[in-house]
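Novice: So the protein lines, in turn, are chains V and A.
Residue numbers for the first sequence follow the numbering used here, so the first one is 1 and each next one is one higher.
Residue numbers for the second sequence follow the numbering used here, so the first one is 1 and each next one is one higher.
I should point out that these hints are in silico values taken from the structure, not numbers from a laboratory.
Nothing here was measured: the structure is a model prediction, and the numbers come from that model.
Treat the hints with care, as some may be off.
[What the hints assert, rightly or not] Quick list of in silico lysine-lysine cross-link-like pairs, BS3-like style, CA-CA up to 30 Å:
1) Lys23/V with Lys61/V
2) Lys38/V with Lys220/A
3) Lys136/A with Lys46/V
[To be verified] Simulated restraints on C-beta separations:
4) Pro62/V with Gly158/A: 56 to 66 Å
5) Gly19/V with Val67/A: 36 to 46 Å
6) Thr85/V with Lys70/A: 37 to 47 Å
7) Lys114/A with Ser105/V: 23 to 33 Å
8) Trp69/V with Lys70/A: 25 to 35 Å
Note that the Cβ used here is the ideal one computed from N, Cα and C, for glycine as well.
Residues per chain are reported as follows:
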Amino acid sequence: MAEARKSMVKIKPKKYKVGDIVKVDFIVIHPMDTGTSKDKKTGKIKPAHYIDNITFSFDGKPFTTMKVWESISTNPYFSVNYKVTGKGKITVDYTDNQGEKNSKSKKLKPKG
Amino acid sequence: MKKLLLPLALMVTVATAGEQFAMSDADRAMYTEMLENNPADIYVEEGGEILEEALGGEEALAKFLGVTEKALPKYIAGFPRYIKKLGNVVGIDQVLQAMQVEQGKKRTKLKSGKMFSMLAYVKSLANDEQFTIDIKADKHIKASYDLGKVTFETPRGGRGLSCLSCHSADIVGQVLRTQPLPDLGKAGAGATWPAYRMTKSSLRTLQRRFQGCMKNALLKVIPIGSKEMVGLEVYISTLAQEAKQPIAIPGLKR
Chain V
1 MAEARKSMVK
11 IKPKKYKVGD
21 IVKVDFIVIH
31 PMDTGTSKDK
41 KTGKIKPAHY
51 IDNITFSFDG
61 KPFTTMKVWE
71 SISTNPYFSV
81 NYKVTGKGKI
91 TVDYTDNQGE
101 KNSKSKKLKP
111 KG
Chain A
1 MKKLLLPLAL
11 MVTVATAGEQ
21 FAMSDADRAM
31 YTEMLENNPA
41 DIYVEEGGEI
51 LEEALGGEEA
61 LAKFLGVTEK
71 ALPKYIAGFP
81 RYIKKLGNVV
91 GIDQVLQAMQ
101 VEQGKKRTKL
111 KSGKMFSMLA
121 YVKSLANDEQ
131 FTIDIKADKH
141 IKASYDLGKV
151 TFETPRGGRG
161 LSCLSCHSAD
171 IVGQVLRTQP
181 LPDLGKAGAG
191 ATWPAYRMTK
201 SSLRTLQRRF
211 QGCMKNALLK
221 VIPIGSKEMV
231 GLEVYISTLA
241 QEAKQPIAIP
251 GLKR
């Protein structure tokens with residue numbers, strides 16, 4: 001299994017209150033290989049390697065799940081809307097077709 | 001005669017390429033939207049972490065450069081500059097290397113992902129500032145600027161191409177390989193690198209981009225951190241300075 005992937009969760013706008021709808025953006029560095037391209041150095045076909053499942057959850061309760069295929073670009077970003085209900089933690093869990101499991105989280109701190 | 005013909009032939013191909021762009025306007029709009037979600041932000045964040053762990057963060061950098069932490073962004077906006085301690089006109093990446101040597105650590109290669117990330121982080125500290133490169137400050141930076149200009153304008157390689165072949169003021173706006181040729185100053189070329197390069201799916205710096213262009217144009221590739229490369233960076237940065245383009249890092253390139 002490869003090392004943990006680099007990823008990032010952003011919440012926009014930066015200042016928000018309870019009841020506001022915020023944008024939760026998730027960016028990940030992932031090759032998203034389709035299984036049709038060749039490795040330039042070895043000349044062998046690179047096996048397919050892509051994210052297939054993404055779950056956005058708030059304090060352990062999932063609010064969005066996505067099924068994703070290899071047609072998504074390299075280093076993709078995903079964006080969902082979320083209505084802020086209070087303080088907590090947004091976690092993004094993602095798995096890929098080679099069995100890697102990773103997650104990234106960000107604290108939600110509404111003001112006022 | 002041959003030398004005259006080649007640029008002419010290039011001009012003709014440029015002129016007859018028509019309005020065939022690689023991207024439609026709708027695609028281009030999507031690209032600008034993506035600036036908000038630039039994957040390079042991850043690399044910049046990582047660069048900050050590496051700098052903090054390996055070198056002691058901005059505090060150590062400010063101390064090394066001999067400025068206060070508050071004045072650091074303004075000072076960084078003036079890079080590449082002449083550093084007395086190093087006796088040369090240097091870019092930020094070379095300053096970081098010098099810091100590593102001073103602290104007795106292993107040098108990170110100039111052409112490595114780690115160094116690109118760190119460089120992007122340090123340069124992004126100066127975001128929204130204007131460039132403050134003063135080429136009249138001392139003779140070293142003046143010499144570097146002149147060398148950069150010569151490197152920019154000298155035709156080299158099998159095809160006798162120079163940077164000026166595609167980036168002179170006369171052919172701005174024409175199409176080459178389905179890409180519109182930009183005005184380097186107004187496009188803020190010096191101010192938006194390091195950037196996320198779509199075609200390479202990774203973070204690239206200005207000097208790395210020069211190398212890629214040299215390779216494609218069949219010129220001998222100049223190593224990163226050499227006098228010519230730093231000179232080129234000075235020259236391109238002053239073009240952005242003259243056009244009053246604020247620093248906006250990381251950029252997003254096709």
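Novice: Each of the hints needs a verdict: does it hold here or not?
Specialist: Quick rundown of the hints versus the structure:
Simply put, lysine 23/V and lysine 61/V have alpha-carbon atoms about 18 Å apart, close enough for the 30 Å limit, and the pair holds. Between lysine 38/V and lysine 220/A, the direct Cα distance comes to roughly 28 Å. Compliance with the 30 Å bound is thereby established for this hinted pair. With a C-alpha separation of about 53 Å, the suggested pair lysine 136/A and lysine 46/V falls outside the 30 Å cut-off, and the hint is violated. At roughly 59 Å, the beta-carbon separation of proline 62/V and glycine 158/A lies within the given 56 to 66 Å, and the hint holds.
Between glycine 19/V and valine 67/A the beta carbons are some 45 Å apart, a value that agrees with the proposed interval 36 to 46 Å. Remark: the range hint 37 to 47 Å for threonine 85/V to lysine 70/A is upheld by a beta-carbon distance near 40 Å. A beta carbon spacing of about 25 Å between lysine 114/A and serine 105/V agrees with the range 23 to 33 Å that was offered as a hint. For tryptophan 69/V and lysine 70/A, the Cβ-Cβ distance of about 49 Å falls outside the hinted range of 25 to 35 Å, so the restraint is violated.
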